[in-house]
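Q: Residue numbers (our numbering), protein chains in the order written: chain A, 1 to 338; chain B, 1 to 230.
Incorrect hints may appear among the rest.
[Stated by the list, open to error] Ranges of calculated distance between the beta carbons of each label pair, as one might list FRET restraints:
1. B:M159 - A:P274: 43 to 51 Å
2. B:N26 - A:Y302: 50 to 58 Å
3. A:G54 - B:T131: 25 to 33 Å
4. A:E72 - B:R184: 48 to 56 Å
5. A:V24 - B:L155: 55 to 63 Å
6. A:L334 - B:D143: 15 to 23 Å
7. B:R89 - A:I74: 41 to 49 Å
8. A:P274 - B:L190: 55 to 63 Å
9. A:P264 - B:V65: 27 to 35 Å
In short, the hints are calculated from the structure, not lab data. Only a predicted model underlies this, so the values are computations on that prediction, with no experimental measurement involved. Glycine included, every Cβ here is placed at the ideal spot set by N, Cα and C.
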Amino acid sequence: MQSFFATPFGTLVFTVGAILVIMVPVLIGVAYLTYAERKVLAAMQLRRGPNIVGPFGLFQPFADAIKLMMKETIVPTGSNRVLFLMAPMLTFALALIAWAVIPFGEGLVLADINVGVLYLFAISSLGVYGIIIAGWASNSKYAFLGALRSAAQMVSYEVSIGFVIITVLLCVGSLNLSEVVMAQQGLWFAIPLFPMFVVFFISALAETNRAPFDLPEGESEIVAGFFVEYSSMSFALFFLGEYANMILMSAMTTILFLGGWLPPFDIAPFTWLPGPIWFVLKICLCLFVFLWVRATFPRYRYDQLMRLGWKVFLPFSLLWVVLTAAVLMAFGWLPGQA
Amino acid sequence: MIAALAFYAFAAVLVTSAAMVVTSRNPVHAVLFLILAFFNAAGLFLLAGAEFLALILVIVYVGAVAVLFLFVVMMLDVNFAEMRSGFVRYLPVGGAIGVVLLAELLIVGLAWTVSPEAPRLLAAPIPEGVTNTQALGRVIYTDYIYLFQAAGLVLLVAMIGAIVLTLRDRPGTKRQDVTRQIDRSRRDTLDMISVPSGQGMTVPPKPEVAKPESPKPPEPAHTSHGGGHH
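Bound-form chain A, shown alone (with noise of 0.2 Å):
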């Protein structure tokens, strides 16, 4: 069996099981984010959410993916019709193949890369070609106006985002996701850079166009933003990717913050849990938040939006960037340096 695996066949069956291995629970994840959303915004709302198709609403989202497959695919017909049905392949692809590096565990990985977070960080940055390729190709004006507010916002909280991470690889002294976590043993990164955490998951809700900074969709102003003219399964595509990168901004902040697969204390009743049950739990906490600032907080101006991001991350980012590069200069704490 060993010996299977080494052959260059055997090396694609592997890949292509350890790929559904990944993916299988990320779908079904995000099928029941969309339960979980309706079911935390029902509690919060004090109303009961889906309750009828199986017991508790359960299969409430196979009832909608099975309808949202049933209904008919309609290209407008002013639109760019090949770019118009790439835009939710692109976004939906995009929000899956950032998992490849994400490590679920100790050496529980795909692809260990040494340029991990990289890598992660690409792949976030190209989401906006899915969004603004979708309002253009739509040809309608709310689609338009949808895709350049994404695109406006999705560049300007980038930056502050890399800010973040650089500020964590100065802690780190590599790129590499598992060293990321295995640097957190004994302490989160949450703690001593509690600030970078909070500009981290506020930036990670502007660049998933989650509520309080969902102006894409804008349902009030632009009725549903950039996919307004979608329909049936071009439809299902975008929604299975931006809630697939709710769940990737979960993880992403749950390994860079919250010490990734390992328990909260490296002591008895908190090591019995493997260290995936531990990530998982995390990323549903993170999810969780998600859901909370959803059913909290009003949406923002699209002023104070960009306000937000420029004015105040962007300059408040930069100097924690230079603040924890000093410390660890002057304490000699930087990885790498003795």
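Keeping the supplied structure of chain A fixed, place chain B upon it in accordance with the hints.
A: What follows is chain B alone, placed relative to chain A:
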């Protein structure tokens, strides 16, 4: 074998999409082909073992620069028919310029000789036990730190120049001053008046300076609203 196949695939798509950038009619398509070209260049970097450069290329050019290109190009209102009119009229001048440029390129290209020292530089090895990210960092931030800082200064000058050229103070724009807004208290802006029912009242003119010592007992909201019923 797989690496060679990947190289030819990346190279072929790179050259094709680069050609499409200059030949496609629709500027948005041109930018999208440019992005495809960037991606394949990143793939070539990866094959060469320079994963840091590959990802930086994607982050900087695809993730930021090309988004801005696309942003601008999408908003252009290009009239293709108008662009093609006058093609024959401009052909002689345009053609002449093209010929001159081609001749210059040929002169430079034919006079090109490769120094015998050059191949030695090409094979500059990455030091043992160091990833290429660290090797690059060492070269840029340790060995050539002053040159790097000088390059940064040049960019800073360019940035300041761009801001100076485009920044203008338009009179009449309404701006939100967040500090002032947060600074306002309820006492500065709000008066609770109970209006006698059925009689109405005129709003007294606001005093120039708000008197902070005059105590205004907070009234329940319903009394202030109650007078307004029709």
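Q: A range of 27 to 35 Å was offered for this pair. Does it hold for the Cβ distance of P264 of chain A and V65 of chain B?
A: At roughly 42 Å between Cβ atoms, V65 of chain B and P264 of chain A fall outside 27 to 35 Å, so the hint is violated.
Q: How does the Cβ-Cβ distance of M159 of chain B and P274 of chain A compare with 43 to 51 Å: does it lie in that range?
A: With Cβ atoms ~50 Å apart, the hint holds.
Q: Could you say whether the range 15 to 23 Å given as a hint is met by the Cβ separation of L334 of chain A and D143 of chain B?
A: About 18 Å separates the Cβ atoms of L334 of chain A and D143 of chain B, which means 15 to 23 Å holds.
Q: Would you say the C-beta atoms of G54 of chain A and T131 of chain B sit inside 25 to 33 Å of each other?
A: violated (50 Å)
Q: Can you let me know if the beta-carbon spacing of V24 of chain A and L155 of chain B is within 55 to 63 Å?
A: violated (46 Å)
Q: Do E72 of chain A and R184 of chain B keep their Cβ atoms within the hinted range of 48 to 56 Å?
A: holds (53 Å)
Q: Taking 55 to 63 Å as the stated bounds, is the beta-carbon spacing between P274 of chain A and L190 of chain B within them?
A: Once the Cβ atoms are compared, 58 Å apart, the range 55 to 63 Å for L190 of chain B and P274 of chain A holds.
Q: Range first: 50 to 58 Å. Now tell me if the beta carbons of N26 of chain B and Y302 of chain A are that far apart.
A: Between N26 of chain B and Y302 of chain A, where Cβ atoms are some 29 Å apart, the hint is violated.
Q: The hint says 41 to 49 Å between R89 of chain B and I74 of chain A; measuring C-beta to C-beta, is that right?
A: About 45 Å separates the Cβ atoms of R89 of chain B and I74 of chain A, which means 41 to 49 Å holds.
Violation of the numbered hints given earlier is confined to hints 2, 3, 5 and 9; the remaining hints are satisfied by the structure.
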